[in-house]
Structure formats: structure tokens, C-alpha cells
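Undergrad: Chains as they are written, first to last, in our numbering: chain A, 102 to 725; chain B, 593 to 946.
These aren't lab readings, by the way, just hints derived from the structure by calculation. All residues carry an ideal CB built from backbone N, CA and C; glycine is no exception. It is possible that some hints are incorrect.
Claimed, not checked - Here are the simulated distance ranges between beta carbons: (1) A/R678 to B/P729: 49 to 57 Å; (2) B/T806 to A/T221: 22 to 30 Å; (3) B/P729 to A/V180: 54 to 62 Å; (4) A/G231 to B/P729: 27 to 35 Å; (5) A/M602 to B/C790: 50 to 58 Å; (6) B/G826 to A/R234: 18 to 26 Å.
As the list claims (entries may be wrong) - With a straight-line Cα cutoff of 30 Å, these simulated BS3-like cross-link-like pairs (lysine-lysine) come out: (7) A/K534 to B/K917; (8) A/K534 to A/K548; (9) A/K526 to A/K548; (10) B/K810 to A/K526; (11) A/K526 to B/K917.
Said to hold, decoys possible - Residues from chain A shown here face chain B by an in silico Cβ test under 7 Å; the list is partial: (12) V251; (13) T252; (14) D511; (15) L692.
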Amino acid sequence: MNMLRSQNLRIVVILGLLSGAFILYTGAVGMIAAFHEREVVNDVFSLGQLLLMLAPFVAGFSAANRLGDAGAGPTILLVSGVVVGFLTALPTIILLLFNSDEYRGLLDLTLRVIPFVVATYFAWQMYRNGRDRQLVLGSWLAIAVLIGIVTFSFALIFEIKGDLRTVLVNINRDWVEVVTFDNRRELMTGIVTLAFASVVAGLIGGIFYLIPSVPRRALLYGLGLTLLVGAFGETVRLILQENLDRDTMREIFQRDTLRQRPALMLFIISTVVGFLWAKFGQDVQTSFSNMDSSQRRVVNGVGMLVFAGILLMLPWLIGRTLSDVAVTIGIFVLMGLGLNIAIGLAGLLDLGYVTNYAVGAYILAVLTSIGPLGRLDGVFTFWMVIPVALLAAMFAGFVFAVPVLRMRGDYLAIATLGFGEIIGKLAISDWLKPLIGGAQGVQAIPKPIFLGTELKNPEQLYYIVLVASLVTLFVSVRLNNSRTGRQWMAIREDEDVATAMGIDTARAKLLAFTLSAATGGVAGAIFAAKVGTVFPNSFTVFISINVLSLIIVGGIASNPGIVVGAVVLIGMPELLREFSDFRFLMYGALLVLMMINRPQGFIPSKLVTHEVRASVKAKLATAD
Amino acid sequence: MFKWGSDDFSWVDFTIDVLRVLIVLGVVVGAWNTLSSGRISFAQWVNLFAAGLSQGSIYALIALGYTLVYGILLMINFAHGEVFMAGAFSTVFLAEALNRTGFLNEQPLLAILLMIMFAGLVSMSVAILLERIAYRPLRGSPRLVPLITAIGASFFLQYTFRGLYGSGFKAYPGVKALQGVIQIGGVSIPVVQIFVFCAALLLMLCLYWLVERTRIGKAMRAVSENKEVARLMGIDIDWVIMFTFGVGGFLAGSAGVINGMFRPQGVNFYMGFIPGIKAFTAAVLGGIGNIPGAMLGGLFLGVIEAIGPNLVLAGLGIPGANQLKDVIAFTMLVLVLIFRPQGILGERLSETKA
Numbered sequence: 102m103n104m105l106r107s108q109n110l111r112i113v114v115i116l117g118l119l120s121g122a123f124i125l126y127t128g129a130v131g132m133i134a135a136f137h138e139r140e141v142v143n144d145v146f147s148l149g150q151l152l153l154m155l156a157p158f159v160a161g162f163s164a165a166n167r168l169g170d171a172g173a174g175p176t177i178l179l180v181s182g183v184v185v186g187f188l189t190a191l192p193t194i195i196l197l198l199f200n201s202d203e204y205r206g207l208l209d210l211t212l213r214v215i216p217f218v219v220a221t222y223f224a225w226q227m228y229r230n231g232r233d234r235q236l237v238l239g240s241w242l243a244i245a246v247l248i249g250i251v252t253f254s255f256a257l258i259f260e261i262k263g264d265l266r267t268v269l270v271n272i273n274r275d276w277v278e279v280v281t282f283d284n285r286r287e288l289m290t291g292i293v294t295l296a297f298a299s300v301v302a303g304l305i306g307g308i309f310y311l312i313p314s315v316p317r318r319a320l321l322y323g324l325g326l327t328l329l330v331g332a333f334g335e336t337v338r339l340i341l342q343e344n345l346d347r348d349t350m351r352e353i354f355q356r357d358t359l360r361q362r363p364a365l366m367l368f369i370i371s372t373v374v375g376f377l378w379a380k381f382g383q384d385v386q387t388s389f390s391n392m393d394s395s396q397r398r399v400v401n402g403v404g405m406l407v408f409a410g411i412l413l414m415l416p417w418l419i420g421r422t423l424s425d426v427a428v429t430i431g432i433f434v435l436m437g438l439g440l441n442i443a444i445g446l447a448g449l450l451d452l453g454y455v456t457n458y459a460v461g462a463y464i465l466a467v468l469t470s471i472g473p474l475g476r477l478d479g480v481f482t483f484w485m486v487i488p489v490a491l492l493a494a495m496f497a498g499f500v501f502a503v504p505v506l507r508m509r510g511d512y513l514a515i516a517t518l519g520f521g522e523i524i525g526k527l528a529i530s531d532w533l534k535p536l537i538g539g540a541q542g543v544q545a546i547p548k549p550i551f552l553g554t555e556l557k558n559p560e561q562l563y564y565i566v567l568v569a570s571l572v573t574l575f576v577s578v579r580l581n582n583s584r585t586g587r588q589w590m591a592i593r594e595d596e597d598v599a600t601a602m603g604i605d606t607a608r609a610k611l612l613a614f615t616l617s618a619a620t621g622g623v624a625g626a627i628f629a630a631k632v633g634t635v636f637p638n639s640f641t642v643f644i645s646i647n648v649l650s651l652i653i654v655g656g657i658a659s660n661p662g663i664v665v666g667a668v669v670l671i672g673m674p675e676l677l678r679e680f681s682d683f684r685f686l687m688y689g690a691l692l693v694l695m696m697i698n699r700p701q702g703f704i705p706s707k708l709v710t711h712e713v714r715a716s717v718k719a720k721l722a723t724a725d
Numbered sequence: 593m594f595k596w597g598s599d600d601f602s603w604v605d606f607t608i609d610v611l612r613v614l615i616v617l618g619v620v621v622g623a624w625n626t627l628s629s630g631r632i633s634f635a636q637w638v639n640l641f642a643a644g645l646s647q648g649s650i651y652a653l654i655a656l657g658y659t660l661v662y663g664i665l666l667m668i669n670f671a672h673g674e675v676f677m678a679g680a681f682s683t684v685f686l687a688e689a690l691n692r693t694g695f696l697n698e699q700p701l702l703a704i705l706l707m708i709m710f711a712g713l714v715s716m717s718v719a720i721l722l723e724r725i726a727y728r729p730l731r732g733s734p735r736l737v738p739l740i741t742a743i744g745a746s747f748f749l750q751y752t753f754r755g756l757y758g759s760g761f762k763a764y765p766g767v768k769a770l771q772g773v774i775q776i777g778g779v780s781i782p783v784v785q786i787f788v789f790c791a792a793l794l795l796m797l798c799l800y801w802l803v804e805r806t807r808i809g810k811a812m813r814a815v816s817e818n819k820e821v822a823r824l825m826g827i828d829i830d831w832v833i834m835f836t837f838g839v840g841g842f843l844a845g846s847a848g849v850i851n852g853m854f855r856p857q858g859v860n861f862y863m864g865f866i867p868g869i870k871a872f873t874a875a876v877l878g879g880i881g882n883i884p885g886a887m888l889g890g891l892f893l894g895v896i897e898a899i900g901p902n903l904v905l906a907g908l909g910i911p912g913a914n915q916l917k918d919v920i921a922f923t924m925l926v927l928v929l930i931f932r933p934q935g936i937l938g939e940r941l942s943e944t945k946a
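With the sequences and hints as input, model every part of the structure.
TA: Take a look at the structure:
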């Protein structure tokens, strides 16, 4: 029993401190304050406050989950929720104290005490493990000095600079305002409010675990949908205003934020629907799988038709601003599908994908521009240049692929990264300035003209991207199921074996590189036509990382995954402007988390899932 | 690598050979043009060389981190450039504080030592956290998985520090003792360059001593030789790997401070990315996994980068050659990976290692 208890305490403390660290971190990098700008429900709470409450809620729930599985009673679960909530608030409260004028001395004291405490802790551990006394003393001294150097330096920095804000730019008034729930002047009130709110959120997390599964799922659907609609209020408003009259709009939205009554209604409706789904969803699914194949085909066909209809009608449904976002997403879908040929199908980690994008864009720009750098006076049109851009990108892909054919895995990745950087530096250099305009880039790129109408709106450009994506999708699916696709798969799994089976690996790899480059070139050309100007700054390593992230998050070698990945990773920062400052922070964290927890992606391809399972099995087998 | 007349000759090898000839030709023609025009005097060459050496010693310090980790885990710690940035960016505030109290100019040596220790320890913590959180769960997975993780970690760290300290450039305060030049045989070399070179050399000697002469160094070498056998010999592998990351981080952080002292544009959150890739180049150049190789590779890369644009590119008639410094470095990267992936000093690595 005692064992169980100490184990429980450990879980609770670790979860609480983890969520506390999360809150502290998001505050320190400025996320909480930035998200506070966006209200989820008018005059009730903001996205920043939501983030502040979500962490203790989730931590409280998972603590209850762990303890519940270990057989703890409801009282313990609720207490654990409270403890987790309090621990979540604790680091932030400490930082608030350090940051305030009255308690600044605390920071100094803490920084001076930390080295001795930590060193004593470690020395005590060693002593208990029976190390000899000299070693323990030496370690104590070494640890105290090493940590002391850091903490005393920090003490010096803060003592002289006087204010945390001069170093940590985001521990500022806005942050204090949000985490104290608008009690910046009454610090103690603010701290108590924060602790109270956090404890309540943790407690609700614990209670949430105790609710039976069906209503819990219903509540989750309801809450999730309401919060999502609230957070993306601007997007929802833009979609709705295409279809609703002004008075109705005014009842639902206060500027970009959801009003309270519609939010409540949405919550109730979605909870009821969620309840029905949680209760009967399983039955619907089983009855679907019990249908015979012809019936199922009809249902699937209707689904596909509806989906195709939505895709075709999209620009009318969502309006101009969102169509623009849709075009951007489409360009990244295109690049994702293209890069996936190299990464997903053939297993070649190409980090210089931006090269092809840049080639496509610059070819289009130079050949069609009516500005000073376009010497061809608009003889060429968009449609004539698209094949040229495609071929040029293929050629570039080919040229860069030949030298790296002999490399494997990580070396290939770094070499392609090097190519990407070289291209970027060349684009901005004085050397090529007469040709492609150096840092100013190429301006005045005309819009494509189709049957006499200029496609200048994003609603119209959307169709170009759509067609290009569909063609790429078709090609990559067909290729994957072809002989070449099998060769790529063999190379991805084991290059030596592939060679031994008589596969011309050089040819197959070149094909993968050039085909993936072709798509990148088309994406670049469309981008150039959309924006109308081409700067070297649009073609940095960040583009490659963007595309890589969406493939990894969506699911490697999974076409639906890539589309969803693009919609989420590219769409979200475009739609939630508060997010865009943190997009690479998010991508980086996502890449790490995905690789550790879900390397096959959120919507994995069947094959990859199979492979991951196989490798896990193999690992388990060797572990035995 | 291909041999003439052997069966595996193919057009790929042929193309690569043509590339090799073209590059040699370009370098020779460019160098010949520059040298015969006499545009750059001997003293200027020496200056470029010295600048290259001091920049190169920074690359060498960072490259050591890549090499140490690669030697043990066979993975490219792509985020190592960010570890370097973490130390340099954090220490700016300490340098400012020391400058304001006047300590920096009264006791420059002590102050710089404190800054190096501070930066080293900050970077060390970042590197150890990185290992513990991002890399340890992935040990033994396919090789591209840790690389992608490292790329993710790299961007995560960049934007974390951008969030913490802001996105602007911050310059290190000047140290009076390091300003001015020294005349050596009619050539004037800035003191700061000599200081950078000596400091880096000292740190490298410490590392060499650590790896070759101490117990933990022996354990590191044993783990890099064979992890399983090392485990059987009673070596705590996790601790050794953590220690290795820590040492690499410490060197990177101290390199950050040393670099900060002569970066007129200051430091910011993005400062680690390009030097990171360049240091990786240096590590491969010297033979990755090889400690003296990384030192030599770094110095070599620094010198090439300083001299290359003026010698070769200017000789080929390319305007604005100094803008293309990075291009030279990245071209070196690609060329080394193509032609000599085992590096200058590296023994030929077996398939599993290369």
C-alpha cells in the first residue's frame, strides 16, 4: 500500500510540474500574452487564458487516469486533480514573485541558495549509495561550484539590469496581466486567482475522469467544437458571411469573436449530437461494415461526390480572403506531394527542396515578367512557361541529384541542405543580379489569362492549384503502384538488397529526384504568378522545413495525410495570426514529438503502419 | 569509389569525374588569374589567412561537438549549432552586466573566463536536455529518425530563444585589452584574432587531455568503439553519452562567447544555424568521429572560406565575391561529401559507419 502511495505521489508531482513547466515556458516565449489578443468567447475568456487552463485540466485528467488505472478511489483522484492544479500554477507564481518589485530579493536569495541545495541533494544520494566520503565531498564541491557559476552570473545580471524584462523580453506587463487574470496591481489577489483557477481546472480534469465514458465523449466533442469555432472565430465569420445576411451575423459575432449566447447554443447542440454519436456511432459503423459490397460502394461513391463537389465549390463557399489561404495551402500540398515522392516513396531525405521551388518561380518570373528584368516583353504566357518551369526544375533536380546518388541517409540530407543554401546565396548575390535582380528580385509578373479572362483573384487561381494537385496526386499514386514504385520501396528498405536484386538504383533514385523536383517547380511557378513578385527571401531553408514538417505530421507516404498536414500546418498560422510568430516553434516541437511518439504520422499510410508494427515487433522480439 | 576498367564503372562515376576535373580547373584558373594580376599584396594575404584561422578555430570548437556525438551515437546532432547559439546569446547579458560594473575592462582575463564558463554551462545544460528529451528515446531507431528529430529540435531551440530574449541583434561590449593590432614582420594582425585562436587552442588541448588521459575519456572511447562490450565492462552508457553531449555543449558555448567577441553585427537567435552547418562541414572534412580531424577541418575550412572568394572567385571574374563566402563553405560541404566522405584524416569507414 505504501509502495502504491509513493508511486501515486510521484506521478502526480511529475505531471503537475510538467504542466507547470509548460505554462511557464509558453509564458516566457510570449505565447500566452500573444494568444490573449484573441478572444474565444466574447468577454468571457481568451485563447491565452484557455491555454492557461487547458494545461492543468489535461494534467489533472491524465493524473486521474493513471491513478484510476492503478485502482485509486474517487477521493484520491479529486485530491490529485487539486494537487496537479496547484503545482501547475506554482512555477508561474514563483516567477511572478521574482518579477515584482516587493519580492525581488527572493530571486537573489534563491539563485544563491540553489547551488548548495542541489549539490547537497546529489551528495546525499551518493552518500546513501555508499560511495566513499572523499568522493562525496569532492562531488559536492564540484557541483556547487559549477551550478554556482551559472546562478551567481544570473544573480549578477538581474541585480545590475534590475528587471527581468530587460533580459526575458516576454516576462512583461502583458504576461503579468494575463496570468493574474487582470490583477496586475494587486499582485497577491492575482496570485490567489491564478492558483484558484488552476486548482479548479485540475479538479475539473479529475472530475472529468469520473464521468462515464459516453457523456464524457459527448462533452469533449461539444467543448472541442465550441472552442475550435471560438478560436477560429474570424475564419468562421468569413465563411458564414458569404452565406448569411448581416443581421444574423451581428447576432452571432461581435467583430471576430463569438458572442456568448451563440457559443452556448453551439455547445449544447454539439454536445447533444456528440452524445448521439458516442451512443450510436458504433452501431452506424457496424451496420456500414455489415452492408454488402455494392451498397457500400454506393455510400462511398456518394461521399466522394460530396467531397468533390465541396472541392469544386470551395472558393464560393469561403470567400476571397480564405481562398487566398486555400491557394497557399494548395501550393504546399503540391510541394508536399512532390517531396513525398523523394522522402516517402524512395526514402531520400531531401532537405533542399526549396531549390526546385525557387527554380520554378524564377523561370516563370524571368520569362513572363513585363518589368525591367523580363526582356522578352511578355511574349510568353503563364501557360507556355509552366511546362518550361517544370522541365527546368526537373533539370535542376537531375543536376543536383547526380552528385548525391552515391550518398546515403543523413549525408544525403545534409548535402541537399547545402545545395539549398547555395542556391539561396546565389539568388541574392551581385553576380546573378543582372539576371534575376539580386535582393530586389523580379517584379511585375502578369497573372495567367485563361480563355480571355485574367485569373487575378485567388478564387480563380485556386483552380490552377487544384488541377495541379490532382494531377500530381494521380501521378504519384500510379507511380507508387508501378514497377518503379516497387523499386523505390525496395531502395527505401535496403539499398544493398535492392542492388542485389538487380534494381538500377541510380536510375530509380534519379527518377524520384527529378519527378519530385518537377512538382516543386510547378508549385514555384504558381507561387510566382500568385504573388506577382519573386524575392530571394521567399526561398529559404524554412520552405523545405515547412514541407518536411507537413509530410511528417500528416504521415509519411500518405497522400491524405499530406493534404491534412498542409491544411493544419500551413492553414493554422495563416488563419490565426497570433500563431504565425510561433509557427516554427510549433513545427520543431511537432517534428520531435512525432518522431518520438508517432513516427508514422497522424494519418499513416497502411504500408507504413504495417512497417512500424513490424519493427516494434522485431524490437520486442530482440528484447526478449 | 570507382576504379578505371572495373565493372561497376557507370555514367554516374563519369559525371562525378567530369565535375572533379571542372572544379580543379576552375580553382587553378581562378587562382592563376588572381595571383598573376597581383591585386592582393602579401600582407593582405597574411591578414586573410589570420582572419580565416581565427574564424576556423571557432568552427573547430563547434565541429568537436559534432564529432564527439557522431563518434559515439553515429548520429548528426543537427541542433548543435543551436547549442552554440544558446551559450552566446545568453552570455551577452552577462557581458553587459560585467561591462557596466567595469569588471570586464579591469580584469579582462577573469571576466572572459567567467563568461566562457557561464556560456559553456548554459550550452551544456541545453545539450544535455536535448539528449535526454529528444534523442534518448530514439536510440536504435532508423538513422533518418534522429536526424529529423534533430532538425525539429534545431528550429524549436531557435524559436525558443527568440521568444526568451527577443529577435533583435545584441552586440557584446568591446574589451579594451583586445582592441588594437600587433605588428609581426610588417604585417599587422588584430589582437582579438590572436586571442580567439589561442583560447580555442587551449580549449582543444583540454579536450584532448580529457579524452586521452582521464578515466571518463577512456570510457568515451570505449563506448564509441563498441557500446555493447563497453556495457559489459561495467560502463554506464547513458551517463557517458550524456557526458559527451555535455562536453560538446560546453565547447560550443565557449565558442559562442569567443565568437561573440569579434562579431560586430552581434548575436541573435539565428546565429547558430549557418555556423552549425559549416562546423559539420569541418567535422566531415577532418573525418567525422575523429577529434584531431575536427580541429584541423575547422581551421582548414576557416582559411578556405577567407581566402577562397578572393583567390578563386574574384579570379574567375565574379563580382561581389566576398558575398559568396558561404557558397564556398557549402560547396566545400557538398564536395567533401561527394569525393571524400571519410575526410582528410578519417580512416575509411565501414558501410555501417559512413
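Undergrad: The structure should be examined with respect to each hint, and the outcome stated for every one.
TA: Hint by hint, here is what the structure shows:
1. A/R678 to B/P729: 49 to 57 Å: violated (34 Å)
2. B/T806 to A/T221: 22 to 30 Å: holds (26 Å)
3. B/P729 to A/V180: 54 to 62 Å: Given a distance of about 31 Å, which is not inside 54 to 62 Å, the answer is violated.
4. A/G231 to B/P729: 27 to 35 Å: holds (31 Å)
5. A/M602 to B/C790: 50 to 58 Å: holds (56 Å)
6. B/G826 to A/R234: 18 to 26 Å: 23 Å Cβ-Cβ, so the 18 to 26 Å window holds.
7. A/K534 to B/K917: Cα-Cα ~17 Å, so holds.
8. A/K534 to A/K548: Roughly 24 Å between the alpha carbons, so the hint for A/K534 and A/K548 holds.
9. A/K526 to A/K548: Cα-Cα ~28 Å, so holds.
10. B/K810 to A/K526: With a Cα-Cα distance of about 43 Å, the restraint between B/K810 and A/K526 is violated, given a limit of 30 Å.
11. A/K526 to B/K917: holds (9 Å)
12. V251: Constraint on A/V251 satisfied, holds at 5 Å.
13. T252: Since the shortest Cβ distance to chain B is 10 Å, the answer is violated.
14. D511: holds (5 Å)
15. L692: Nearest chain B Cβ about 3 Å off; hint holds.
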